[in-house]
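Colleague: Just so we're aligned, residue 115 is where the sequence shown starts under our numbering, counting upward by one.
If you're looking for bench data, these hints aren't it; they were derived computationally from the structure.
All values reported here derive from a predicted model rather than from experimental measurement.
Backbone N, C-alpha and C fix where the C-beta goes; we use that ideal spot for every residue, glycine too.
Don't take every hint at face value.
Only pairs whose alpha carbons sit at most 30 Å apart, straight line, appear in this in silico BS3-like list of lysine-lysine [what the hints assert, rightly or not]:
1) Lys174 / Lys284
2) Lys259 / Lys291
3) Lys194 / Lys291
4) Lys292 / Lys238
5) Lys194 / Lys174
6) Lys194 / Lys226
7) Lys151 / Lys256
8) Lys174 / Lys226
9) Lys152 / Lys284
10) Lys194 / Lys292
11) Lys152 / Lys291
12) Lys284 / Lys256
13) Lys194 / Lys238
14) Lys238 / Lys256
15) Lys259 / Lys284
16) Lys238 / Lys259
17) Lys194 / Lys151
18) Lys152 / Lys194
19) Lys152 / Lys292
20) Lys284 / Lys151
21) Lys259 / Lys151
22) Lys194 / Lys256
23) Lys174 / Lys291
24) Lys194 / Lys284
25) Lys256 / Lys292
26) Lys284 / Lys226
27) Lys292 / Lys151
28) Lys151 / Lys291
Estimated spans, in silico, between C-beta atoms of each pair [what the hints assert, rightly or not]:
29) Ala127 / Met250: 31 to 37 Å
30) Glu299 / Ser268: 18 to 24 Å
31) Ile160 / Leu129: 19 to 25 Å
32) Asn257 / Pro222: 40 to 46 Å
33) Asn257 / Leu122: 43 to 49 Å
34) Glu173 / Phe203: 32 to 38 Å
35) Ser268 / Asn300: 46 to 52 Å
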Amino acid sequence: MNHRGFTLIELLATLVIVGILLSLAIPAVTGYLGTSKKRLFIDDAINDQRIVSQDTILEKFDLPVTENDVTIISTSLLDKEKDSFRSSFGFDYAENKSYIAIINQGTPDDPKYEYYVALQDLGKNALPLTRVDEIMEEAFLKNAKNRMELTIQSFCGTEEGVVRSLYTIKGLEEVQKKNENGYLENWNTTIYSSNQCGRVS
C-alpha cells in the first residue's frame, strides 16, 4: 500500500491555483454583494412609500390640499420592524434625511397625489428625493455630499405635524408652482417627525 504524501511542488501548485481562483472570485462576490445592498436600499424606499400611502388612508397624516402644499413624513414614524430602520449597508437611517414627500398635482376637489422618497443612512449612502415611479439604481449615491452640494435636505417637525413655509425643496424644483408673474410660490410644508429628529445625522 502506497502512503506517499504530496510533494512540495504539488502543494505550491495547489496554492497557486487556489490563489488564482480566489483572485477571480472575490471581486465578483464583492460586486454582487454591493449590487444586492443597493437594490435592497431602493426596495426600502419603495416599501416606505407603500406604508405612508396606507397611513394616509387611515388619516394618520394630513395630505396636501393645494398645488403648493407638501406633506413630509419622516420614515422613523412608520410602523415597521425594528431592524428595518437600518439600511442594507448596516447603518441607521438619518431621521431628518429619510422621508416621504407628498404633493398634490390635482385640485382640492380632485386630488392627484404624487409620492417622492429620500433616504440617507449614517454611512452617507443615499437616494436623493425622487418620485417613486422614477426610482432606479442609478439614482443611488455612495458617500453622498451634504455640505457643499446638497443631495438631501434635512427636515424635522413634530409627531403632530408642524407647518413651515419653504422657498424651495431640492428634488421638487420642476413641479414647484409659479404665480401669474412667473415667480416661484413658497411651499406650504407640513412636516412630521419624532422629537429625536436631527440629533444624529
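Colleague: Now look at each hint and say whether the structure bears it out.
Modeller: Hints, one by one, checked against the model:
With a C-alpha separation of about 25 Å, the suggested pair Lys174 and Lys284 falls inside the 30 Å cut-off, and the hint holds. For the given pair, Lys259 sits about 27 Å from Lys291 by alpha-carbon distance, which is consistent with the 30 Å threshold. Straight-line distance between C-alpha atoms of Lys194 and Lys291 comes to about 34 Å, which puts the hinted pair past the 30 Å bound. Distance hint between Lys292 and Lys238 is unfulfilled; the C-alpha atoms sit about 33 Å from each other, more than 30 Å.
Straight-line distance between C-alpha atoms of Lys194 and Lys174 comes to about 15 Å, which keeps the hinted pair within the 30 Å bound. In summary, the hint linking Lys194 to Lys226 is supported, as the alpha carbons are separated by about 26 Å, within the 30 Å threshold. Distance hint between Lys151 and Lys256 is fulfilled; the C-alpha atoms sit about 11 Å from each other, no more than 30 Å. The straight-line distance between the Cα atoms of Lys174 and Lys226 is roughly 19 Å, inside the 30 Å bound, and the hint therefore holds.
Proximity of Lys152 to Lys284 is assessed by CA-CA distance (about 22 Å); at most 30 Å being required, the pair is judged to hold. Between Lys194 and Lys292, the direct Cα distance comes to roughly 37 Å. Violation of the 30 Å bound is thereby established for this hinted pair. With a CA separation close to 33 Å, the supplied pair Lys152 and Lys291 exceeds the 30 Å bound. With a CA separation close to 18 Å, the supplied pair Lys284 and Lys256 stays within the 30 Å bound.
Using a Cα cut-off of 30 Å, the hinted pair Lys194 and Lys238 holds, with the two alpha carbons roughly 22 Å apart. As the CA atoms of Lys238 and Lys256 are separated by approximately 6 Å, the hinted pair is consistent with the 30 Å bound. With a C-alpha separation of about 14 Å, the suggested pairing of Lys259 with Lys284 holds against the 30 Å cut-off. About 8 Å separates the Cα atoms of Lys238 and Lys259, which keeps this hinted pair within 30 Å; it holds.
Proximity of Lys194 to Lys151 is assessed by CA-CA distance (about 19 Å); at most 30 Å being required, the pair is judged to hold. Pair hint Lys152 plus Lys194 holds up; C-alpha atoms about 20 Å apart against a cutoff of 30 Å. Our distance criterion of 30 Å between C-alpha atoms is broken by Lys152 and Lys292, whose separation comes to about 36 Å. This hinted pair checks out: Lys284 and Lys151 have alpha carbons roughly 25 Å apart, not beyond 30 Å.
Of the supplied pair hints, the one linking Lys259 and Lys151 holds, its CA atoms being roughly 20 Å apart against a limit of 30 Å. The suggested pairing of Lys194 with Lys256 holds, with an alpha-carbon distance near 25 Å, which does not exceed 30 Å. A distance of roughly 26 Å separates the Cα atoms of Lys174 and Lys291; the hinted pair therefore holds under the 30 Å criterion. A hinted pair counts as satisfied when its Cα atoms are at most 30 Å apart, and Lys194 with Lys284 qualifies at roughly 27 Å.
The straight-line distance between the Cα atoms of Lys256 and Lys292 is roughly 34 Å, outside the 30 Å bound, and the hint therefore fails. At most 30 Å may separate the alpha-carbon atoms for a hinted pair to count; Lys284 and Lys226 meet this at roughly 21 Å. A distance of roughly 39 Å separates the Cα atoms of Lys292 and Lys151; the hinted pair therefore is violated under the 30 Å criterion. Note on Lys151 and Lys291: the hinted pairing is violated, with a Cα-Cα distance of about 36 Å set against a maximum of 30 Å.
Range check, Ala127 to Met250: about 46 Å between beta-carbon atoms, so the 31 to 37 Å window is missed. Hint check: Glu299 to Ser268, Cβ distance near 22 Å, so the stated range 18 to 24 Å holds. In this structure the hint that Ile160 and Leu129 lie 19 to 25 Å apart at CB is violated, the actual value being about 46 Å. Between Asn257 and Pro222 the CB atoms are about 42 Å apart, so this pair conforms to the stated range of 40 to 46 Å.
Range check, Asn257 to Leu122: Cβ separation about 47 Å, and the 43 to 49 Å hint holds. Look at Glu173 against Phe203: about 34 Å separates their beta carbons, and that is inside 32 to 38 Å. A hinted range of 46 to 52 Å for the beta carbons of Ser268 and Asn300 is inconsistent with their spacing of about 18 Å.
This entry does not satisfy hints 3, 4, 10, 11, 19, 25, 27, 28, 29, 31, 35, going by the numbered hints stated previously.
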